[in-house]
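Participant: Since the structure of chain X is already known, use the hints to place chain Z on it.
Chains X and Z, in that order, give the protein sequences. FYI, the numbering for the first sequence is 1 to 886, going by this note's numbering. FYI, the numbering for the second sequence is 1 to 232, going by this note's numbering.
All clues given are correct.
Below are the SDA-like pairs computed for lysine to any residue, each with C-alpha atoms no more than 20 Å apart in a straight line:
1. Z:207 to X:773
2. Z:207 to X:772
3. Z:207 to Z:149
4. Z:107 to X:714
5. X:763 to X:796
6. X:348 to X:375
These are calculated hints, taken from the structure and not from any lab test.
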Amino acid sequence: MGDDDRRPAPEAMLRLAKAEEAQSDRGRLKIFLGYAAGVGKTYAMLEAARERKAEGRDVVAAYVESHGRPETDALLQGLETMPKAWVEYQGVLLPEPDIDAVLARKPRIALVDELAHTNAPGSRHEKRWQDVEELLAAGIDVYTTINIQHFESLNDIVEQITDVTVRETVPDSLLDLASEIRLVDIPPDELLQRLRDGKVYFPEQAARAMEKFFRRGNLIALRELSLRRAAARVDEEMRAYMESQAIPGPWPAAERLLVCVSGSPFSERLIRTTRRLADEMNIPWFTVYVETPGSGRHLQENRERVWKDLRLAENLGAQVSTLTAASVADAIIDYAVQHNITRIVVGKPAKSRWREFLRPPLVDQLIRRSGAIDVYVVSIASAEARPGAPLEKAALPMPFSRYMASMALVAAATLVCLPFRGVLAPANMVMVYLLAVVIAALRLGLRPAILAAFLGVLAFDFFVVPPHLTFAVSDTQYLITFAALFAVGVIISSLVSKVRERAEALREREAQTNSLYYLTRDLASAASMEAIMGAVIRNVGESLHAGVAVFLPDGERLKVAAAGTGAAAGEKELAVADWAFRNRRPAGRGTETLGSAEFLHLPLQASGGVLGILGVKLEDQAGYRMPRIRRLIDAFAGQAAMAMERVLLSRKAEEAQLLEARENLERALLNSISHDLRTPLVSITGALDMLREEGHELGEGARRLMMDTASEEAARLNRFVGNLLDITRLEAGAVRVRKEPCDIQDLVGCALVALERRLGAGKVVVHLEPEIPFVPLDMALMTQVLVNLIDNALKYSPTDSDIEISAGTAGSLLELEVSDLGPGVPEKDLTRIFEKFYRIQVPEGVHGTGLGLSICKGIVEAHGGGIRAENRTGGGLRVIVTLPLI
Amino acid sequence: MPKENNPPRILVVDDEPAIRRFLRTVLDSEDFSVHEAENGHSALAAAAVLKPGVILLDLGLPDMEGVEVIRRIREWSQVPILVLSVREREEDKVRALDAGADDYLTKPFGVAELLARIRVSLRRSMQETPEPVYRIHELEVDLSRRRVVVRGGEVQLTPTEYELLRLLVMHAGKVLTHSQILSRIWGAAYVEQPHVLRVNISNLRRKIESDASSPHYIITEPGVGYRLRAEA
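Bound conformation, chain X alone:
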């Protein structure tokens, strides 16, 4: 049992296997990690590259920035340097690595300096690390350099330490992905000395920021960060090794962290904090955003922020989800339970007391329902979130007309009240104003309704409460009425508007469900790729108000397989779709890759691989960043991919079935053919052998018989080979029908001449209708048809019976009949006798090839005519050939 305990945990093995598998066809990433510019990262990278080169590896400098340092330039000597791609941006040419050139060159190792660089707008990717990922995915090893402050999760700490905002960041997952991290370290004093010696280069515009940055304290702190990061990495490797070797050790139980973002400016910090926590504990973490009817979904900048937050979390390695629910707390707890979350991270509320009283903060709700799950409350700094962060804009103003309308409502209420001023108590007239507020809330939305409540109070005071036409109030009791009117107005407005929003959300949800349902229904009935693409284009286009195109692979390249109206995709879109197809990742508008495209390109991912690309061009540009729309498009793509795979699979199954049927038929044919070819040879070789060996001993009669048999069999063999050739030519389409107007009399004559030797006198009776016009036909081929038919009739009819050939016109057709007095054919076989190698039970001594009638059928059909057989009423078979007269 002791051995069993020492066995590595299956999950650990699986993880390791996956990592190895991912490594096997991906390139390996080696990161030269420093803590500041000037520590010698590029130098170290080049040195390592030279070593590899000396070992005989294929090394290429895809992009190295020497900043004119002679030592660096010297190291570059002797390394193959790829030309840079120059991207023009606002009149300036900016150098970028030429990814396509490197992919085409496909070196073993590529050097790409400055991993955190942001690419010039218009490049394929936003960030250089995405370029690097593409190189890795193509199986190229990449050496790259980066400073510690550029990692996402450390971004805010660095800012706190140095007071410098670092905008160029890379996801931490890259660090995890790296197969090797080389820490390039020199003591800060030495670095500062180099700086003073002018050995460290900065772009001019950054010089001032750098001065601020290169303070000894900063450098020490950054150095510690980088050392710790590298050490953590070593620790992880150690742990992985211990796990794989089943060395018992203290690893954390299966814990999982969940952080909840709301689109508030603090979410970003919350996410980074959670990532650090998760890192420290080495456990997976999740990020959710809960969309509620009242969560201000429709506010543009809120949506953008949520979208950014979720992207950030994804980059930091979280599993990201968006939920829709009425209650945020319920949704989070449900999600946490489903995903075995052990700890939930939430921000410390910043709301004022009285608002807390109105609605208990999320933290309280969570704690009350969390059960076994721990809740971590993280404090977040005050509203001055971070300098340089995008300014929080006010909510989009409501259309002005709505406020006008709400004023009009108050005015109308006042008009209604004025006549009754002396009659009714003012307290009753408050109700009229309340009505106006409710109507405003129902029709105009929250803010206009609140305006109505406010104006209502003023109007009530001014017009209704004595003394009239002044805001002065005679009876102070009315102040309570005012306050109540306003409070009730506001509460009703917010309630009504909430109900309205909920209804709207429901309607939207229902519309989504419906559109998905319609698509699924259409897809279920679609039996071909064309039908599926039609259904996808129609449904997706209608429900999203979008132009839709489907791209399918055609040989090496992707091709527009179908496109809806307004979804014409040019070469550029094709290239983007191609990229998405090859990399199995979304690309184009609304993504990080090739964002300048017009379409959002989603891979149609089925279980068997990516089948194609769904391109969506939304009319509403904001839609690309709405999680709701993205989810819907994802769902559409998923459904489409499933339907396509189903059609492809069923097509494959059909093909396999057809192939099997054909193979069976071919086997039967080959058997039949070899039988028919060999049988005559038996008689011929037998007869020849007999004649050669014992010819002189045989009587004259016996010799004659042998030779006649051999001769007949040879003729039969010849006929069979001829028939085989004919049917092969017919089936291969090698027979050209050359129609010329022909005399039917001539046709019959030719057939009879050809059969001359086989005909006894008077056995064929010909009935030709007088005045048959010339019929367009191929004389040679139709003669063969007639010969075959007459030959068949001769074979199957009693020796002394007549054969009738008749011809006449019927409408626009020529009818040519050959009738015999033979046994006929069983009704069920009447159509099958025209099939290849089909033979009915035949009288003794009759040899057929089973091909004659199928040749006839082939020729007649090639003429655009038809052939059929029927049993004659008096016995015997009649074969009728019909040919068009014109």
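Facilitator: Frame of chain X; chain Z shown alone:
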């Protein structure tokens, strides 16, 4: 009269030794003088040197197309050429005949058939000027007096019908392709209009055949052309 003493020379052109051996056996026994060639070039040389009475030619030769051999021989000689080929398609026959071949036999063929065709060819090539009166069964064509008699009674033919019949008689036993007949009687412009020919053949048959649906004199070679029956 042909010179009885010298047996007619026959040149056999075929790349298959088995076929050559078989033909030599058959023809030797009929007292022909047989010479062999196994490809196109040696056939052309032999034809020039030997001046054979008949050439039996296979179309599928290793070095050049049989039709090309016919064309080259026809540049300088009218020696009867009998094509023996496994190619049974009508366009192959037409190509060979149009190039100048006199007859076409599809392999495998009967020995009697072959000998009959050889004799017809020899006879045709040896009579310098055809007999003025041609007789077969009950059909009599007097070329010098432009008279056609069937079963004892004179038949009135249109000038075109007579020309057609005369052409067939002049080449009795030999297949004339559609285009050969059309170009000689109607002119080269009519080569693509076989319809005229069919109508005239149909009319001609009605006048000289006893049963037009099983013609006895004018034989249709489907897809190739027409032939006047030569042997009695």
